[in-house]
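Trainee: Residue numbers (the numbering used here), protein chains in the order written: chain A, 2 to 291; chain B, 693 to 1027.
Everything labelled a hint here was simulated from the structure, so no lab data went into it.
Misleading hints may appear alongside valid ones.
Derived, one-sided and incomplete: chain B residues facing chain A with beta-carbon distance under 7 Å [what the hints assert, rightly or not]:
no. : residue
1   : 750
2   : 800
3   : 807
4   : 816
5   : 819
6   : 974
7   : 979
As a list, the in silico EDC-like pairs of lysine to aspartate or glutamate whose alpha-carbon atoms are at most 20 Å apart [as the list claims (entries may be wrong)]:
no. : chain 1 : residue 1 : chain 2 : residue 2
8   : B       : 886       : A       : 92
9   : B       : 994       : A       : 176
10  : B       : 967       : B       : 723
11  : B       : 994       : B       : 1008
12  : B       : 886       : B       : 900
13  : B       : 849       : B       : 723
All residues carry an ideal CB built from backbone N, CA and C; glycine is no exception.
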Amino acid sequence: MLEHLLPQLFNGLILGAFYAVVALGLSLIMNLTGTINMAHGSFLTLAGYLAFALVTRGTSFWFALLVAPLLTVAVGIIVERTLMRPLYGREPFYSLLLTFGLSLVAEEVYRLIWGANGVPFSPPPSLAGTAQLGFMTFPSYRLFIALALIVVIVALTLFLTHTRFGLRLRAAVLDSEMIAALGTNTQILYMINFGIGILLAGIAGVLAAGLLGLSPTSGNALLMPAFVCVIIGGMGSLFGSIAGGVLVGVAISLTTLYIPAASEVAMYILMAIVLLVRPRGLFGEEGIFG
Amino acid sequence: MSLQRLGLVASLAVAVLLLFAPQIGPLIHLDTSIVSEVLLFAIAAMSVNLLLGYTGLPAFGNAAFFGLGSYGAGLSIHYFNAGFFLAIVIGIAAALLGALLIGPFLLRRRGIYFGLLTIAFGQVFYFIAYRMTNITGGEDGMNFPRPLVHLGGTTIKIDDVIFYYLSYVVFFIALIAFWYLVRSPFGHTLIAIKQNEVRVRYLGLNSDRFIFVALIVAALYAGLAGALYGLLIMFTFPLALDWHQSGDFVLMLILGGQGSVWGPLVGALIYVVGKDIISTITPAWQIFLGGLFIACVLGFPKGLLGTTISALLARERESDDSAEAAAALEISVPR
Chain A
2 MLEHLLPQLF NGLILGAFYA VVALGLSLIM NLTGTINMAH GSFLTLAGYL AFALVTRGTS
62 FWFALLVAPL LTVAVGIIVE RTLMRPLYGR EPFYSLLLTF GLSLVAEEVY RLIWGANGVP
122 FSPPPSLAGT AQLGFMTFPS YRLFIALALI VVIVALTLFL THTRFGLRLR AAVLDSEMIA
182 ALGTNTQILY MINFGIGILL AGIAGVLAAG LLGLSPTSGN ALLMPAFVCV IIGGMGSLFG
242 SIAGGVLVGV AISLTTLYIP AASEVAMYIL MAIVLLVRPR GLFGEEGIFG
Chain B
693 MSLQRLGLVA SLAVAVLLLF APQIGPLIHL DTSIVSEVLL FAIAAMSVNL LLGYTGLPAF
753 GNAAFFGLGS YGAGLSIHYF NAGFFLAIVI GIAAALLGAL LIGPFLLRRR GIYFGLLTIA
813 FGQVFYFIAY RMTNITGGED GMNFPRPLVH LGGTTIKIDD VIFYYLSYVV FFIALIAFWY
873 LVRSPFGHTL IAIKQNEVRV RYLGLNSDRF IFVALIVAAL YAGLAGALYG LLIMFTFPLA
933 LDWHQSGDFV LMLILGGQGS VWGPLVGALI YVVGKDIIST ITPAWQIFLG GLFIACVLGF
993 PKGLLGTTIS ALLARERESD DSAEAAAALE ISVPR
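My request is simple: use the sequences and hints to build the entire structure.
Mentor: In structure tokens, the structure reads:
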């Protein structure tokens, strides 16, 4: 059993890194504007399909990995300016409803363009093999994903803690009115913040397409776990989203190994326990969103 | 004519009109079972209305109770040959049990967090139904017959028309009960919680307890609707538990008008009939559905009925010189 445990644990960590990156995007948007983006999964799918479209037109995987998320961000910013903007300051429930509608439209549009069944999207040949890690062998593509996602998370952390813009962003989460009074254009702040959230979704979307498959609803498979990660980690805490992602990823992969039938329910049980012991989430602050 | 009297007359007109739905429906190509579906979905939307419209809780997981009702009825017929009414009771009991199980967790949070929790805990039931293939039929769902009813020596086969009248009676009992509920002290407390929960707590009321009871009542309504829906289509399936189904119930409520007693029926009517018409024209019904969500939120968040009532209220206020009285009322209510 033990020789299965280590690779499965590593798989869990990769899955967890996916959840963490998606949850980070959700948290960024939620913390600053109090809106909840149920269409986040649709942006993951969009990035995957855009990368697929690029690769089938002859570009390299690396080019697609770079460009598809940026194109997704462009779509995201249009959505933010037109649909999300009227929702700021309204009951958060309306954003839930609107983005839910948006995800339904997106799903159907993908279905019309790329078909109801999944399309094949495989990682580049250079990452197709396996890598020797000394203590175990592991698919190269998974290893690459792990590294890429860690880079993304570290880059986001550095951006938020070491740039002026990141400082403004964090300050606006605490008191956006004060930041506006001090001369920052908060509308642009909201827009860029949403863009960063979508960029995270876009990168995760392209990487996930090669691992978990690509279909009109494939991105949504990552959405629900990401919400659970946000709840477990605690709303208002970005670190919490990361920790929640890792916990959920490991919990899912370990239950898949030992009790396969319970793999989906495992994260909800984890969430229930956290809610009982610490309702605000592991790293959440008291009083944020009730 | 005062607004109250207008409301009463309109309500009676709707009740009479619905009474003849099986006769009128075929004239406009509307199947009787479709009209039954409207009534049952309206009951499910009422369940959302109690939580969202009256208590201000973003309930996005009511399909869990709906689906539990449907599975409760279906499984009890399939495995235990339960009778028609017993199946409904078991369906409701399943939904209530579900609410008792997840209610204490949902109570821990408010606002958008509550919404996420309702989705997340609702999905637990979806995955259970999806995974326990040998009991529930898994992804494919499960067919079951509609039991015969034995009444005083005679055996009645419940056809679509009888089923419709049964739904009709159940719907109006549910509606009148709802009407009384939201006008009772309990209902007023829920509305107070929507407006300012902190103040309700300072008044010495345990708001958690009120919300818990509201959840139980919501589960009762959704479970009842689900059990009947299962018996209507003689089929139960995991997607009835899914949060997309919850979203549809919320949409019906928002379409009609949250916080109004008739809103759910109006919304369910638009939803079901609209879906029936559009899906015959194009398979991409989901684009219209999603567009409807977006239009509702941005265009008319009060819903069709809510917007109409507001307009009527505004006109009444203008016409019968009660503007002053209204202004006086504003002053006497401390903000």
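Trainee: The structure should be examined with respect to each hint, and the outcome stated for every one.
Mentor: Outcome of the hint check:
With a cut of 7 Å, the hint placing residue 750 of chain B at the interface with chain A holds, because the nearest CB-to-CB distance is about 4 Å. Below 7 Å, beta-carbon pairs count as interface contacts, and residue 800 of chain B has one with chain A at about 4 Å; its hint therefore holds. Hint on residue 807 of chain B holds. Least Cβ distance to chain A is approximately 6 Å, under the 7 Å limit. Proximity of residue 816 of chain B to chain A holds as hinted, the smallest CB-CB distance being about 5 Å (cut-off 7 Å).
This hint holds: residue 819 of chain B has a C-beta 4 Å from the nearest C-beta of chain A, less than the 7 Å allowed. At about 10 Å, the closest approach between the beta carbon of residue 974 of chain B and any beta carbon in chain A exceeds 7 Å, and the interface hint on this residue is violated. Taking 7 Å as the C-beta contact cut-off toward chain A, the hint placing residue 979 of chain B at the interface holds, the least distance being around 5 Å. Our distance criterion of 20 Å between C-alpha atoms is met by residue 886 of chain B and residue 92 of chain A, whose separation comes to about 12 Å.
Taking the CA atoms of residue 994 of chain B and residue 176 of chain A, the gap is about 30 Å. The hint is violated against a cut of 20 Å. Annotation: proposed proximity of residue 967 of chain B to residue 723 of chain B holds, straight-line Cα distance about 13 Å (limit 20 Å). The straight-line distance between the Cα atoms of residue 994 of chain B and residue 1008 of chain B is roughly 19 Å, inside the 20 Å bound, and the hint therefore holds. Proposed proximity of residue 886 of chain B and residue 900 of chain B is supported: the alpha carbons are some 12 Å apart, at most 20 Å.
Note on residue 849 of chain B and residue 723 of chain B: the hinted pairing holds, with a Cα-Cα distance of about 19 Å set against a maximum of 20 Å.
Hints 6 and 9 from the list above are not met by this structure, while the remaining hints are.
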